[in-house]
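Take the sequences, apply the hints, and build the full model.
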Amino acid sequence: MDDINAPTRRKLFETIGKAGGMVALYQAMTSLGHAAETQFNGPPKLSGARKGSTVVVLGAGLAGMLAAYELTKAGYKVRILEFQGRPGGRNYTLRGGDSHTEIDGTTQKVEFSQGNYLNPGPWRIPHHHRTLLHYCKQLGVQLEPFIQLNHNAYVHNTDAFAGKPVRYKAVATDFKGHISELLAKSLQQNALDEKVTTEDKERLIEAMRGWGVLDKDLSYKSSLKVSGQRGYDQPPGAGLGGVPTPSNITTLHDVLDSKVWNTMSFYFSYVMQTTMFQPVGGIDMIGKGFAREVGHLITYNAKVSKIGQNAKGVTITYEDALTGAVSQAKADYCVCTIPLSVLSQLEVQVSDEKAAAIKAVPYSGQVKIGLEFKRRFWEEDESIYGGHSFTNQPISLVSYPNFNFFQKGPAVLLGAFASGANAYPLAGMTPEQRIEAALAQGEAIHPQYRKEYMNGTSVAWSRVPWSLGCCAQWNDESRKEHYQNMVSMDGRIVLAGEHASYYGCWMEGAMLSSIDAITRLHKRALEA
Amino acid sequence: MNIRYISHRLLVVMAMMGASVPALAVGPGFKLPPAETGEQVYVQACQTCHQPGGKGGAGAASAYPALANNPKLGVAAYPILTILRGRAAMPWFGGTLSSAQIAKLVTYLRTNFGNNYATPVTEDDVKKLSVNLPVSGE
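Line by line, the protein sequences are chains A and B. Just remember that the numbering used here sits 11 ahead of the position in the first sequence, which is counted from 1. Just remember that the numbering used here sits 2 ahead of the position in the second sequence, which is counted from 1.
It is worth saying that the hints were derived from the structure and are not from the lab. Hints are not guaranteed to be accurate.
What the hints assert, rightly or not - Pairs of lysine-lysine, DSS-like flavour, derived with a Cα cap of 27 Å:
{"id": "1", "chain 1": "A", "residue 1": "Lys317", "chain 2": "B", "residue 2": "Lys57"}
{"id": "2", "chain 1": "B", "residue 1": "Lys57", "chain 2": "A", "residue 2": "Lys120"}
{"id": "3", "chain 1": "A", "residue 1": "Lys148", "chain 2": "B", "residue 2": "Lys129"}
{"id": "4", "chain 1": "B", "residue 1": "Lys129", "chain 2": "A", "residue 2": "Lys236"}
{"id": "5", "chain 1": "A", "residue 1": "Lys196", "chain 2": "A", "residue 2": "Lys270"}
{"id": "6", "chain 1": "B", "residue 1": "Lys129", "chain 2": "A", "residue 2": "Lys370"}
Stated by the list, open to error - Per the computed footprint, the stretches of chain A lying under chain B, defined by three or more beta-carbons under 8 Å from a beta-carbon of chain B, are:
{"id": "7", "region": "349-361"}
{"id": "8", "region": "457-469"}
What you are looking at is a predicted structure, and each value in this text was computed from that prediction instead of being measured. Backbone N, C-alpha and C fix where the C-beta goes; we use that ideal spot for every residue, glycine too.
In structure tokens, the structure reads:
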């Protein structure tokens, strides 16, 4: 800061602290980048469980396995009941040879080649999701970059540029250039004199000239300088033909048609900012990492029907999904990570308030479609290496693999990631119809689609039998009425999972929730 | 979400199902008919979970209730509120579907799949129940 009148940061913090208390101080520090980015303060340091104390964990997803891992270390005897025949829950990867069955029995056999995969659920990890990064490191899960922002990927809108895709770098540069010109000229014509001081006005005009790549008249026009951001007709070369030629900018009107600001602001989002990571080999490497530690505690194919409790402990009634045999599991405490979409249909002995909370939160139904192609035409023909092309069609995007660049042979890209109202019609189709829809929409961006297509697999989360949806959908009203009741410890039962967090739909939320739940459980157990 | 997007998806659905619509294409000049009938809205938004014929999900978790022969449809406010606000695992569609679409959908449900509640549901019926909707999802 070169403004001598500005308060120092320390003084500013002191003032805020006095005026608003510690919460305000913390929030101010956080917003200025001086405090932790997530609420993760290191793994729970639980120890000294009472001898012989037992915990039953329902669900072997990330929340459940983290709970089992840390509670075992604290000295509890833990067992996990899992509905599926595999660990991980929504931390899920489909590879060639796998099959995927929906609620009505519809089954897809995955045909991907060796090494290719689809992550139907979570797939990317922000750099500030420190809980997840901590456990990846601890469990030996190897991470690689997830290419998020790719300037050379496309922006596609059926109502813009005659339905042709345009490069993000070109249309984003044009959007920035046109609005810079408008702002700079408005300032120059004194239209904003009531809003800015004379000094700031001059600085803003200079800022717009540089930021927007405007010419001496504050106009945004095609030039080599502008091409230095949006790309050239002929890029700089060497020798006799080395001279570059500029590309033509698009008009403000066309840029507005493309709604490119949606894509630009997507990358501004806190949870979407680079750097991002993915596990090498598929997202389920995280679940597998946990299973290496706690897999021996898991009873698979256990379909829970009743969660009971009394003053002495919890009793879980479950059926072996393969044999139909009904059993009971008893323990001192229960960590229940079953998604609310399923839990709301079970008999659960909890307070009326918690029962109401369990029934109060709907689930979203995203659809993802993985398409395998004979070759990496997006790399070979179009120089797109990872990242996303966004479209206003229901598929929403085409996302390119972030690994094995330049390799020959088949590769899988994400051919649809539909959510909200875009997802229901896709989910309602047969798997074959979904693939056809993904090809029909995707070929508007990549004409190579039909020629290079090999096979595809889709996952419609509203039709996944073991989760009946993708993520808990809170709103302001339900947060106010039900959130505290959802997360409170109820007798000997505590819920955990992304649904019991303010970080819904992220693995980080599931894990933060689990840490919070077992920390309170342990405290309660020691006080009992 | 708006009607135009719904329409686009509807066309995809219809094309997939062999309905008599123009060959699926995207790009210049491709405009779509609106999702007008209750049946069209059902196919787009509801059928994925409640299944063709409203027979409900009968999967591993016996999850999604049948709409066929369902006496809860007798009181129109019940399905209207369920659609507007969600219920248990079911997402809310207030803000996703228009009041007119919900009215046509509920009328369709009440007069099909073995249900016989002839009184049509109007857009006004839906609007009256649309106050104080939780609009801000996260």
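Now for the hints, and whether the structure bears them out:
Our distance criterion of 27 Å between C-alpha atoms is met by lysine 317 of chain A and lysine 57 of chain B, whose separation comes to about 26 Å. Of the pairs offered as hints, the one joining lysine 57 of chain B and lysine 120 of chain A holds, with about 26 Å between alpha carbons and a cut-off of 27 Å not exceeded. A C-alpha spacing of about 53 Å is found between lysine 148 of chain A and lysine 129 of chain B, which places the hinted pair above 27 Å, so the restraint is violated. At most 27 Å may separate the alpha-carbon atoms for a hinted pair to count; lysine 129 of chain B and lysine 236 of chain A exceed this at roughly 54 Å.
At roughly 23 Å between alpha-carbon atoms, lysine 196 of chain A and lysine 270 of chain A fall within 27 Å of each other, so this suggested pair holds. This hinted pair checks out: lysine 129 of chain B and lysine 370 of chain A have alpha carbons roughly 25 Å apart, not beyond 27 Å. Check on the region 349-361 of chain A: 5 of its residues sit with their Cβ under 8 Å from a Cβ of chain B, so the three-residue criterion for coverage holds. Here's how the region 457-469 of chain A fares: 0 of its residues keep a CB closer than 8 Å to some CB of chain B, so the rule of at least three is not met and the hint is violated.
Consistency with the previously given hints fails for numbers 3, 4 and 8, ordered from lowest to highest.
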